[in-house]
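**Student:** Generate coordinates for the entire structure from the input sequences, incorporating the hints supplied.
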Amino acid sequence: MSASKYAEQYQRSLSEPEIFWAEQAAKLRWHKPWSKVLDDSKAPFYRWFAGAEFNTCYNALDRHVEEGRADQVAITYDSPLTNSLKKFTYRELRDEVALFAGALRANGVKRGDLVVIYMPMVPEAAVAMLACARIGAVHSVVFGGFAAPELAKRIDAAKPVLLVSATCGIEPGRVIDYKPLLDQAIELAEHKVTRTIILQRPQREAALIAGRDVDWQEAVEAAQPADCVPVASTDPLYVLYTSGTTGKPKGVVRDHGGHAVALMYSMKTVFDTNPGDVFWAASDVGWVVGHSYIVYGPLLQGCTTIFYEGKPVGTPDAGAFWRVISQHGVKTFFTAPTAFRAIKKEDPEGKLIGQYDLSKFKTLYLAGERCDPDTILWAQDKLKVPVIDNWWQTELGWSAIANCQGLELMPVKPGSAAVPVPGFEFAVLDNAGTPVKDDDIGNVVIKLPLPPGTLSTMWQNDQGYHDNYLSRYPGYYLTGDAGYRDTDGYLWIMSRIDDIINVAGHRLSTGAMEEVLSSHPAVAECAVIGVADALKGQLPVGLVVLKAGVTKSSEEIVRELVERVRAQIGAVAAFKQATVIARLPKTRSGKVLRSTMRSIADSQPHTVPATIDDPKSLEEIATALQALGYAK
Numbered sequence: 001m002s003a004s005k006y007a008e009q010y011q012r013s014l015s016e017p018e019i020f021w022a023e024q025a026a027k028l029r030w031h032k033p034w035s036k037v038l039d040d041s042k043a044p045f046y047r048w049f050a051g052a053e054f055n056t057c058y059n060a061l062d063r064h065v066e067e068g069r070a071d072q073v074a075i076t077y078d079s080p081l082t083n084s085l086k087k088f089t090y091r092e093l094r095d096e097v098a099l100f101a102g103a104l105r106a107n108g109v110k111r112g113d114l115v116v117i118y119m120p121m122v123p124e125a126a127v128a129m130l131a132c133a134r135i136g137a138v139h140s141v142v143f144g145g146f147a148a149p150e151l152a153k154r155i156d157a158a159k160p161v162l163l164v165s166a167t168c169g170i171e172p173g174r175v176i177d178y179k180p181l182l183d184q185a186i187e188l189a190e191h192k193v194t195r196t197i198i199l200q201r202p203q204r205e206a207a208l209i210a211g212r213d214v215d216w217q218e219a220v221e222a223a224q225p226a227d228c229v230p231v232a233s234t235d236p237l238y239v240l241y242t243s244g245t246t247g248k249p250k251g252v253v254r255d256h257g258g259h260a261v262a263l264m265y266s267m268k269t270v271f272d273t274n275p276g277d278v279f280w281a282a283s284d285v286g287w288v289v290g291h292s293y294i295v296y297g298p299l300l301q302g303c304t305t306i307f308y309e310g311k312p313v314g315t316p317d318a319g320a321f322w323r324v325i326s327q328h329g330v331k332t333f334f335t336a337p338t339a340f341r342a343i344k345k346e347d348p349e350g351k352l353i354g355q356y357d358l359s360k361f362k363t364l365y366l367a368g369e370r371c372d373p374d375t376i377l378w379a380q381d382k383l384k385v386p387v388i389d390n391w392w393q394t395e396l397g398w399s400a401i402a403n404c405q406g407l408e409l410m411p412v413k414p415g416s417a418a419v420p421v422p423g424f425e426f427a428v429l430d431n432a433g434t435p436v437k438d439d440d441i442g443n444v445v446i447k448l449p450l451p452p453g454t455l456s457t458m459w460q461n462d463q464g465y466h467d468n469y470l471s472r473y474p475g476y477y478l479t480g481d482a483g484y485r486d487t488d489g490y491l492w493i494m495s496r497i498d499d500i501i502n503v504a505g506h507r508l509s510t511g512a513m514e515e516v517l518s519s520h521p522a523v524a525e526c527a528v529i530g531v532a533d534a535l536k537g538q539l540p541v542g543l544v545v546l547k548a549g550v551t552k553s554s555e556e557i558v559r560e561l562v563e564r565v566r567a568q569i570g571a572v573a574a575f576k577q578a579t580v581i582a583r584l585p586k587t588r589s590g591k592v593l594r595s596t597m598r599s600i601a602d603s604q605p606h607t608v609p610a611t612i613d614d615p616k617s618l619e620e621i622a623t624a625l626q627a628l629g630y631a632k
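For the sequence shown, UniProt numbering gives the first residue as 1, with consecutive numbering after it.
It should be emphasised that the hints constitute simulated quantities derived from the structure, not laboratory data. In this text, a Cβ means the ideal position worked out from N, Cα and C, and glycines have one as well. Hints should not be assumed to be uniformly reliable.
[Said to hold, decoys possible] Have a look at the derived ranges for each label pair, beta carbon to beta carbon: (1) GLN355 x LEU409: 37 to 47 angstroms; (2) GLU555 x PRO386: 34 to 44 angstroms; (3) ASP381 x GLU67: 35 to 45 angstroms; (4) SER41 x LEU208: 43 to 53 angstroms; (5) GLU23 x ARG111: 21 to 31 angstroms; (6) ASP467 x ASN502: 44 to 54 angstroms; (7) ALA622 x ALA7: 44 to 54 angstroms; (8) ALA70 x GLN203: 24 to 34 angstroms.
**Tutor:** Following this line, the structure appears as structure tokens:
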């Protein structure tokens, strides 16, 4: 396709959305056609493919078996943590899912019921998700290993009829016992779960509670396979909780029909994948990337998807990703920038890359947080393939800003996720709701209606959806991010809105300062936070992690960083303080906890997020900030 094809397709998606999305929907199998492509009768609560009946599991599995892909591998499970490798063809996966769907039904799960899934990165997690979809139940996956109080909060919010879990999760050097966490959460929750199905893992078997807990294997052996149940296209497929600004989880609702249409479209348009390709998203089913691009997207497209139970470094080394790509013939790889920064820190010269045959590897995609230009340039240089940033959110469900390689690869601008994906119409507004000029930072919003695949509402909380996302700028969805559009139409997402700092009246992006810090040859990763200042309102403070093998003193590096920011952004930034730290506090999905660090620096009350990877990292940050005169 020519570059103008993107423009043509993008314009059609905005000017003729119903015709455009009906064409995409025709690529799937519908049990009953829609009466209306876009139902706007209850705007701003829009619904796609109203009146249609659909089954996501049928389209992800049975359809491929019937159309000749029965013997193609659907899922490859690769676990360096347990030294396991297992493959499931589309026929085998369909049969496993049908049996587990029968087990769910035998244990009281009906169409419309909600099932909480609390699982490690094992294929059974996908089986449980797809089995719910098969019988019209709603699933809500909670990241495996979440603390009991957090799991209890999600049980109370979702009110499941049944809970699916495993006895343990595996981390480098340790086993995390899930069963005690599960038991405690059920005890803490006000909503009482009376039935669970537990997968016994060989690394840790656990005693089951009679009358409540059912052994996975025994449940499956006693079950009859369940057929796919057609449901309304607009019925919920899943609820996924994302942390709210209040600390209370927000349940994002995804529907069946629009979700499948959007993911199929993105697999070709954004990721340039075809049926039979090997697609790997190195994430977890607990996150939205795991839902969209480990389970549903690749299977709807007829790809082979990789379930990886391991880390980018330490399982066994910083070559772990290259080993998986080489061994399984991965064409398209999708991960978080944090993973690449960890690899770059351990193997800055990329020496381990040369040990593997990456000849089938065509494209690297990065998303999950803003990717600094230095990481993109490092990956481009070492891997010799296009490195494509893309931006989206749990709420949006699929890539909203990307360099759409399935249309044509546009020039990469490191630091920008490129252009809006067809279906998404962006605007950048000031606080009064007026569009800002090109290259000026403002609040990034998306015009309603949002395209298929995005959240339809919040779980049992329409008012919360309106208040959180729609009320500030009527007619628009508020992303919560700050950024700008350049004169070429590229969008630059710079930070969360609350990470724009105000220095003596100047609105400055911490993301722009992080770009400067990360370009220093000694810096592996960094964060800039705005701390309260009596004179200037706020001042930026840099927190940097160094690459392995750096010989310069921390004092010298800090001095150079201050000079770089002054030279590239200017004295207006008032950037005078930075400190070297061992690690940045992050969530398990790789997001840096900037707002939490800012609260610590300002000695404000803060809640340690449930998703934090290592709580001790916040103690280290507090110590480092105290040495600078903050966090008193």
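**Student:** Taking the hints in turn, state whether each one holds.
**Tutor:** Verification of the supplied hints:
For GLN355 and LEU409, the hinted distance range of 37 to 47 angstroms is not satisfied, since their beta carbons lie about 28 angstroms from each other. Checking the proposed 34 to 44 angstroms range against GLU555 and PRO386 shows it holds: the Cβ atoms sit about 39 angstroms from each other. A hinted range of 35 to 45 angstroms for the beta carbons of ASP381 and GLU67 is consistent with their spacing of about 41 angstroms. Taking 43 to 53 angstroms as the suggested C-beta distance range, the pair SER41 and LEU208 conforms, at roughly 48 angstroms.
Taking the beta carbon of each, GLU23 and ARG111 are about 30 angstroms apart, inside 21 to 31 angstroms as hinted. Range check, ASP467 to ASN502: about 25 angstroms between beta-carbon atoms, so the 44 to 54 angstroms window is missed. Take ALA622 and ALA7: their Cβ atoms lie about 50 angstroms apart, and the range 44 to 54 angstroms holds. Taking 24 to 34 angstroms as the suggested C-beta distance range, the pair ALA70 and GLN203 conforms, at roughly 32 angstroms.
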